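Enquirer: Chains as they are written, first to last, in full-length UniProt numbering: chain A, 1 to 163; chain B, 1 to 232.
Bear in mind the hints are in silico, worked out from the structure with no lab data behind them. Nothing here was measured: the structure is a model prediction, and the numbers come from that model. All clues stand as given, with none of them false.
Now the stretches of chain A that chain B is said to cover, found in silico as 3 or more residues with beta-carbon under 8 Å: (1) 12-21; (2) 25-36; (3) 103-111; (4) 153-162.
What follows is a list of derived Cβ distance ranges for each label pair: (5) A:112 x B:18: 35 to 43 Å; (6) A:50 x B:222: 34 to 42 Å; (7) A:50 x B:33: 40 to 48 Å; (8) A:53 x B:158: 58 to 66 Å; (9) B:53 x A:115: 17 to 25 Å; (10) B:3 x A:144: 15 to 23 Å; (11) B:53 x A:161: 19 to 27 Å.
Ideal placement from N, C-alpha and C gives every residue a C-beta, glycine not left out.
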Amino acid sequence: MDAAFSEGLINLLPNLRRYALSLARRGDVADDLVQITVERALANHASYDPANRLEPWLFRILRNAFIDMTRRSKTAGTQLDVFEMPDIVAVDGEAAVEARLMLQATTEAMETLPPEQRDILHLICIEDLSYAEAAEVLDIPKGTVMSRLSRARLALAEKLGIK
Amino acid sequence: MQIDDQTLMALADGELDAATAAKVTATVNADPALQARLRMFTETRTRLQADIPAPQPTAKDADLAAMIRATQAASDTAAKAPPPPAQPANINRRPLMAIAAALALAVVGLGWWQNGEPAQSGFGAGQLAALESLPSGQTQRLEDGRDLTMVASYQNGDGEFCREYETFGEAAQIVVACRGSDGWAERFAVSIQEEVGYVPATGEIAELDQFLNQSGMGQPLSPEEEAAALAE
Chain A
1 MDAAFSEGLI
11 NLLPNLRRYA
21 LSLARRGDVA
31 DDLVQITVER
41 ALANHASYDP
51 ANRLEPWLFR
61 ILRNAFIDMT
71 RRSKTAGTQL
81 DVFEMPDIVA
91 VDGEAAVEAR
101 LMLQATTEAM
111 ETLPPEQRDI
121 LHLICIEDLS
131 YAEAAEVLDI
141 PKGTVMSRLS
151 RARLALAEKL
161 GIK
Chain B
1 MQIDDQTLMA
11 LADGELDAAT
21 AAKVTATVNA
31 DPALQARLRM
41 FTETRTRLQA
51 DIPAPQPTAK
61 DADLAAMIRA
71 TQAASDTAAK
81 APPPPAQPAN
91 INRRPLMAIA
101 AALALAVVGL
111 GWWQNGEPAQ
121 SGFGAGQLAA
131 LESLPSGQTQ
141 RLEDGRDLTM
151 VASYQNGDGE
161 FCREYETFGE
171 AAQIVVACRG
181 SDGWAERFAV
191 SIQEEVGYVP
201 ATGEIAELDQ
211 FLNQSGMGQP
221 LSPEEEAAAL
231 AE
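Just chain B, with the same shape it has in the complex (with noise of 0.2 Å):
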């Protein structure tokens, strides 16, 4: 068997697969000459590896040191998921849809209009009292015998205070109201009745989401911000 230097340091080096190192080896059992070869190829590695210093941590090293944690650690608060936005008022977004889903009802025939001017003065005094004061997830009676249910209350692009409720009667409706400078108004509302043959194919409402997004209402507000723009 030829044995060439780099076999020969490859076996010192421990880069040899064992099958070809234990060849090697016998090989260079018997050869005295291949021996002293193999052995310049060892010392010498452990030469530099007994002589050159040993690597020595520098006070530079505790400053890099701190920069990586910092980072690590900025890394790790960016890691974290986005933190969870704000309770809405009202854990039960859509109790209309719940029940409508629950029941199996074909809710439908979606008639919904939205108001280009705000009607001032379709509330009744139990919405009125309602929106100024129900909290979200709360259901009150109202005069006609409906309940009305506040779904939740934003804060619309333009800063006024909206609330977003649901009455529940012959026919149900969604109505998103909000306060402008001359009193409540009547922003959105749509009303869905029962019909025949037909079945949403969600429990979601299209334009009332579309609205709201429209409108810079994408999130809810806190039962504590709610409480405070009840205050007011």
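One chain only, chain A, in its complex shape (with noise of 0.2 Å):
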């Protein structure tokens, strides 16, 4: 195993987190998934090509994985408790409070949107990868990527009052 390969895992971990976080919307489920990806990443390192970025590689194992563990509890009948954002460092002062509030904006914005298309905001907007990346993590033509990420922008802009 290349150790440029598990230093590059290491790095991801916050980012992955925060994607299992945005699709799972649970702490403790982003937990699990973050832990199955990192098993799954170190057991399948082979299967990495180091000629792309390892960030899509594990976008796409951990949301395989969320997908899986969304079968499963729909077969275990579970059901998620509604994800609660932790607590926002803020400092004190008006900036800050309004610096706050337009982040909760955007972030309840994104809440509210359908999961498809805060999934693929969060991959490119948010994560930086390109088109063609996220059809990779999606498994879907690049095509569909460009038209769900249009419709989402579009959502997205509109809740904002963004013009």
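Each of the two chains sits in its own frame; use the hints to bring them together as a complex.
Expert: Here it is as structure tokens:
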């Protein structure tokens, strides 16, 4: 196993957790997802092509783990609790309060979007994946990535009052 | 030029190739409606990047990082070549063959036999002394004027201490003897004679190797192991 691979994996743990939270919307589930992702990444590191970026490869593993988990919990009839965002650290001052409100507005707007739109916005606008990389993660054609992303951007803009 | 939403979005996201991007930008610059539309795509991305909390390391990451590093360390160890086999007591595994090769001798007429029954006493005093004490790689003169070179020591599948040696005289011999409860017994011997018109293909003696493998004597003992066995 390549040392660059394991260091890359370690560096991306926070990003994996953030993506897991975006998908699962529950901290404990997100932790499980990251754990599963790391285990699968280590077990299958040989199938990772170092010519590509590590991010899409890992996000895809995580997303597939989430889909597996969702299938299982549907079968088990388990209900997921409503996700609670962890408290955002804020400093005193009006600007901070305003920033926090805006930040909350964006977060809340994201929360109200359909999961598939939230997912694609997260991968491309937050994690900076290319269209091709997102297509890989989501296992859909690039054209579908573009139409879905475009719809998601319009929906988000409307919620945030961006014209 | 007709520009749809997806093309504008691709421009905002830097997904267009340079030539297309230049053309689209030129068209957008001439059209305020398109500019507003492009801004909407740019702004949504900017807002998301600014407002969604940056990924924060957590205590759980440390546990996972430790697990990843441990796996890495284990993989590094496994990836290393298997440890080299113990240095044989005699590095020059086949002195006879080496000499044959060096002198371009037609070494041949492989007459070999393998003793089914331990022939206890076939050894002269010199051979017995060599078996008991001569370290591998060393040569000693026998009473009859032949030279005996100890090649290697082994432990066979039955746990017996065995030694391979070669003698050089008119004919050369390779012998493997093992030390059983009744003393030294010859277990394998092959004599090599010069014969005109026959040249062995390689420096290997297939029968010897076969015998060694069948007897569980794959790896020679190290000098330390040999010394310990000789001291017994």
